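> Build out the structure end to end from the sequences listed, making use of the hints.
So you can see what is in the structure, the chains are spelled out below.
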Amino acid sequence: MIQVQNLSKTYRVSERQAGLTASIKSLFKPNYQEVEAVCDVSFTVDAGEMIALLGPNGAGKTTTLKMLAGLLYPTRGTARIAGYIPWERKPDYLKSISMVLGNKSQLLWDIPPLDSFRVIGEIYRVPAAEYRRNLDELIDLLDMAAVVTKPVRNLSLGERMKCELVAALLYRPKVLFLDEPTLGLDVSMQKRLRQFLAAYNRSSHVTIILTSHYMADVVELCSRVVLIHHGKLIYDGDLQALSRQLAPFKQIRLTLSSINGHLDNLPAGINVLEQEQNQLTLRVSQSESAAVTAHLLKTLPVVDLAVENPPIEAVIDQVYQGALI
Amino acid sequence: MNHRGGIVLIQATWASWLQYRSFFFVLAFGWMIPPLIYLFVWSTAAGEQTIGAFSRDAFIVYYLALILVNQLTYSQTNWTVGDVIRSGGLNPILLRPMPPLYNTLATEIAGKIVYMLFVVPITAVLALILRPEVDFELQHIVAFLPALSLAWMLRFFWGYGLALLAFWATRADALLAVQDSLLFLLAGQVAPIPLLPGVIRQAAVYLPFRYMIGFPIEILTGQLSAAEIGEGFFIQGCWLAVALGFSHLLWRYGIRHYTAVGG
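In the order they appear, the protein sequences are chains E and Z. Residue numbers for the first sequence follow this note's numbering, beginning at 1172 and rising by one. Residue numbers for the second sequence follow this note's numbering, beginning at 59 and rising by one.
Hints in this document: simulated from the structure, not taken from any laboratory. All values reported here derive from a predicted model rather than from experimental measurement. Each residue gets a CB set at the ideal place from its N, CA and C atoms; glycine is no exception. Warning: the hint list may mix true and false statements.
[Claimed, not checked] Listed next, the in silico BS3-like pairs over lysine-lysine satisfying Cα-Cα at most 30 angstroms (straight line):
no., chain 1, residue 1, chain 2, residue 2
1, E, 1321, E, 1362
2, Z, 170, E, 1275
3, Z, 170, E, 1321
[Claimed, not checked] If you want a taste of the chain E side facing chain Z, the calculated C-beta under 7 angstroms gives, among others:
no., residue
4, 1242
5, 1243
6, 1244
7, 1266
8, 1285
9, 1294
10, 1297
11, 1301
Have a look at this one:
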């Protein structure tokens, strides 16, 4: 459904120091700097697949999404989505995609969402019967019958995001781009949106690319992630394999009957991540974890011991910090 | 072209504007004040005599018509196009399979309907109070209507083109303020064009501003000969062609620039 090849985008950004002199100088001789926002990114997404685009702030995720949605021309590279080149912005292409920007609304602020939905239905020329059916289904799935008749400005952020999703899906696009759909939502609202997206993805086979900073979104929704850092693709694959490949570490959590003097006896090459009274969390390389565990059990007064994969947040954090690349 | 989509968009925009009708009524009231001042100044100055070809009643009719024409041709959206471009509000609009001009036109037309709900009754009441002696001729009314439509299109596309400079310059709306000043002087607002001093009157006839406000009013109030009306339509048509071409080009290059640098 989506093929991306060597997609690159370079921005020219004007730069200047703070202060009056610098601002006058830049008026006559602006200082431009080339910023490579996205560099040679390639990946493909199958129809009906849901993938996550991950990366720290400024990594190039939104730039990539904007190019795929046809809002930006790439500097280099190609993309084909459902047979179209996105930035040609053919009406038929625009009808087959949808984009939800976490911070930009397509609803009219002062009137109930139902009115905005009707406008969207007409713009996308959804036949009346189909419109009715899609709308009922979405309202039902998102459990929002009470919401759609109130003016948008009176809705909570979560209710508004539900409406954005209805607006985005009313015309049954084949591809959906979600830029931080759960931004600013409370935990239970995040969870309900996730359940909705998972269910909708299953029932309608829409292809979804989402970006999010909440790992819970990614863990629950996407079996596959594409990781972008400094505009470059650094990982594309299974989320579970990500930690094995990028963070070949295990965490050992152990409780000792007494900690006195034992800390100094730990084998070399072990990081103590946390220590709280008699509980220790250690980080060891994956290959040594068996040997280290055996050693610990032999030499320390162990009450309880568990070997775990590091939490995904910790792995991602290490990637973002540049520790693992 | 998707006209149904456009019509529904106008309805929805109109509904959302009606939520703020009192705000827009106050705005419209503010826009009526300057013409009302000119009306009272000129009609008082004329007294029982005439200034140029204008009697007291002629001034009253001229300026009451100006209140309506000014309101109908005023393009409020020109001021918001730049903001939409700067704030990234263009992105959701660009994602739709419909020319973005529709969004601007929807706001424009919806706004006109809201303002007219206020301006027409007020003007009617003023006409009843001031009771100018007036008889419009049918052929003038017939010529007035197309001149008014063309005036609106000219004023809209001229301002739209200027507003589109926001693709390159951050505060292009300064140019709109300049345009408003020129409209004040050369479109028949501060004084009817026939009363302007020689050179300025000559300039006003060939510049586009008269054809955004003054020209239709001059037709309606019977100040122009058939030849002058014909010449006026010709100049108005030429300037409209220029404005259409200018805004079309700016949109094409602007959108290319926008998708190159990002919103």
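> Evaluate each hint against the coordinates.
Now the hints, each set against the structure:
1. Of the supplied pair hints, the one linking residue 1321/E and residue 1362/E holds, its CA atoms being roughly 24 angstroms apart against a limit of 30 angstroms.
2. Proposed proximity of residue 170/Z and residue 1275/E is supported: the alpha carbons are some 27 angstroms apart, at most 30 angstroms.
3. Between residue 170/Z and residue 1321/E, the direct Cα distance comes to roughly 26 angstroms. Compliance with the 30 angstroms bound is thereby established for this hinted pair.
4. Checking residue 1242/E against chain Z by beta carbon gives a least distance of about 6 angstroms; that is within 7 angstroms, so the hint holds.
5. Contact between residue 1243/E and chain Z, as hinted, is supported at the beta carbon level, the nearest pair being about 5 angstroms apart and thus within 7 angstroms.
6. At about 5 angstroms, the closest approach between the beta carbon of residue 1244/E and any beta carbon in chain Z falls short of 7 angstroms, and the interface hint on this residue holds.
7. Because the beta carbon of residue 1266/E sits about 5 angstroms from the nearest beta carbon in chain Z, less than 7 angstroms, this interface hint is met.
8. For the restraint placing residue 1285/E at the interface with chain Z, the shortest Cβ-Cβ distance is roughly 10 angstroms, beyond the 7 angstroms limit, so the hint is violated.
9. Annotation: interface hint on residue 1294/E holds; nearest CB of chain Z at approximately 4 angstroms, less than 7 angstroms.
10. At about 11 angstroms, the closest approach between the beta carbon of residue 1297/E and any beta carbon in chain Z exceeds 7 angstroms, and the interface hint on this residue is violated.
11. Because the beta carbon of residue 1301/E sits about 15 angstroms from the nearest beta carbon in chain Z, more than 7 angstroms, this interface hint is broken.
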